[in-house]
Structure formats: C-alpha cells, structure tokens
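**Student:** Modelling step: build the complete structure from the supplied sequences, incorporating the hints.
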Amino acid sequence: MDSLSRSFEELVETHKRILYKICRLYCPLPEAREDLAQEILIQLWKAFPRFDSRARFSTWMYRIALNVAISHLRSESVRLRHLVPGGEPLFEFAAPAADEPPELREIYQWIERLDPLPRSIMLLHLEGCSYQETAAVLGLTETNVATKLSRLKAQMRQELNPGEPT
Amino acid sequence: MTFEQMQTRWAEFDRRLEHTIELNRRMLRSRLEDRMSGRLGRLAIWLLLEAGACLLALLWTGSFAWSHRQEPGFLLPAIALHAWLSAAFAACLWQLVQIRSIDYTKPVASLQRRLASMRKASIVSVQWALLTGQLVWWTPFLIVVSKGFLGVDLYSALPAHYFVVSAAAGVALMPVLWFSARSLSRHPKTAPALRSFARALAGSQLAEVERELDQLAAWEAGADR
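Sequence order for the protein chains is A and B. Quick note, in the numbering used here, the first sequence goes up one by one and the last residue is 166. Quick note, in the numbering used here, the second sequence goes up one by one and the last residue is 391.
Rough simulated footprint, nothing fancy, chain B against chain A, three-plus residues with beta-carbon under 8 Å:
#	region
1	45-51
2	59-68
3	130-142
Here are the in silico distance ranges between beta carbons for each label pair:
#	chain 1	residue 1	chain 2	residue 2	range
4	A	GLU142	B	TRP344	45 to 53 Å
5	B	ALA249	A	ALA47	38 to 46 Å
6	B	GLY388	A	PRO101	30 to 38 Å
Honestly, the hints are just simulated from the structure, not real lab data. Only a predicted model underlies this, so the values are computations on that prediction, with no experimental measurement involved. We put the CB at the ideal spot given by N, CA and C, even for glycine.
**Tutor:** Put into structure tokens, the structure is as follows:
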C-alpha cells in the first residue's frame, strides 16, 4: 500500500463519523446506504491527490460527501432501482441499530424530512461548523446561512414542540 | 426539545458513535486497490460505447452518401441519417466532456446547479433524438439499409405511395409514443430502467429538473421559504 493510500485511509478513519452521518441522513433505505458510502469514498479518493493539506480535511470531506449524497438522492436510477443488500459492509457496528436512543431517532427523523439542501445546513450546524465554514461548503453567503438557520430553528420549534408559543 | 438541546444531544451521540462504529478497513483497502469506478464512471463507459457505435454508423452513412452522390433518391435519405447521427454523436461527446469536468470539491450550490443543468440537457437531447428519430428511422433508414446491405432498390421494389404512408406513420407515431411513455411512466410495475426512459420521454423528468433548478436559484439567492 503506497503512502497516498495510507494517509487517505487514516483520514477516512479519523472522519468516519462524517461519512456515516451523511449516509444515514441522505439515504432513507438502510440497504442503499452501502451504495452511497462507496460512491462517496470513490469521489473522495479520486479528488484526494488534489487535496491541499493546509486546508481542513473535514471541510473538504463535507463538500464532496454532501455533493455526492444530494446527487445520489436525486438520481433517477438510484430512486427507481430495486436495491438488494449484499457484499461486505463498510461499517461494522458494536451495537445493533435497534439500540439507538429514541431521541437520536427523533432528531434524525426530523432532519430527514427536510429538503436535501436545508438538511445540509442543519447537519453542518449540528456538527459545530461556523457560519463561515458552512457558507464555504455550500457556496452561500454567511448572511444567507444565518437567515436559513434561523428559519430552520423556528420550523423545528414549531414541529417538535407544537404546543409551545413561538 | 429546543435547538440547543438538540445540539447537545447530537454532540453526545457523536462521541458515542466513535466507539460504536468501526470502519471496515479491509473493505476500504480492497476498494482502493480495485481502482474504484463510480456511477458517473459507468455512465461514461456507456456513453463511450454509444459514441463508438454512432461513429461507425456515421462512417458507413458517409461512405454510402459519397458512393451515391449522383443519385438524389439515395443521397438525400443518407444525408438525413448522417445529420441525425452527427447530432447524436455530438450529444454523446458533449455529455462525456461534461462528466469529465464534474468536480465534487466545488461548493454544493454551484455543483448541484451544474448537475441539474446537465440532467436537463441530457433529457432534452433524449426527447429530441426520439422525436426526430421518427422522421429518419422509418423511410430514409429503410431505403439506405436495403440498398447498402441487401442491394435492394426500394424505389423499384415498392409502390411510390408506400413512402408517403411510411413517412406519415413515422409522424403519427410521435403522439402515440408520448402517450405510451406517459402511461408507462405512471405504471408501478414498469421496470425501473424503462420507467426512467418513459419519464424522460413523457416530459415528467424535465418538469422535475426545471423545478429543481428554480429551487436552487431561490436557495442561492436566499429567496426560498
């Protein structure tokens, strides 16, 4: 294994949670997540020789992974294909998926109901990205990011706490 | 749950995720060694095959037109076929160039707009290819192929009104094709690949992609709600 592959493997290992969460949020069908994870990895690997090591790997990874995930979600062939689980999985779980806390499931379900683009803003915000970083990943202005986030917060308050005054 | 609570929970689960998921390094390594090719890579292979087939057909119709340059009855249908194939070949090459220039490291908004525009162009080219194809793949195709491959001159083998009827059938088939595509695209039992093709032909894919482009423009401008 050459040094490029080794450093790629290390970086993917360090940021595996990003890959997992994006697949989880953009792929409603668990059996299709493997397909998306592999597609993201392919694009990350193809772009990796051009990665500027002075930049943050996570920002670069969010861009590629979100771009692939959104286009995957919009892809006609993927939507219409009858997916059959098979092959060796990319992720292995220490605990079964059923052990997932209900609160986490509620959060995921709410975000999954958003359109693909607002979903990306929500994810980046929950991941702790600054407005500047979110704007850079998505190609929006910081003001636009801030406006969209405040709308999303209001929407969340309304939908998750329907009885509370806004 | 408040937004801040959601953020705290998310961070807690994130820390836990570090220990509960394991990246299958062996699988990752084997994929890297395989020199992985993605969905677009596979599409590029199909387009290359299509371009190759178009090129062969172009060479053949070109040589047929040249060898019958003194006979307008064969030259004109050959030119019609050649023009249709040239357009199809150009569309394939254009799509190949577009696919090669896709850069997933670009910001999400601009790349998604670019991908949607590419999808729109590809759908429009399929619609035009099929509709104009009805004009060339009936009479001109029959005349040229019968002469070129079988040595049969259809002008002397068939009555003149046959060509008029055949051309009219080609034109009449356009709305039939559109209605069939519309019903096939709505039928739940249609095979996925056929349904996708039918949706492109019926125009529902085009409407969808145009809506997507409008949404993207509004989203980038901050005019979305």
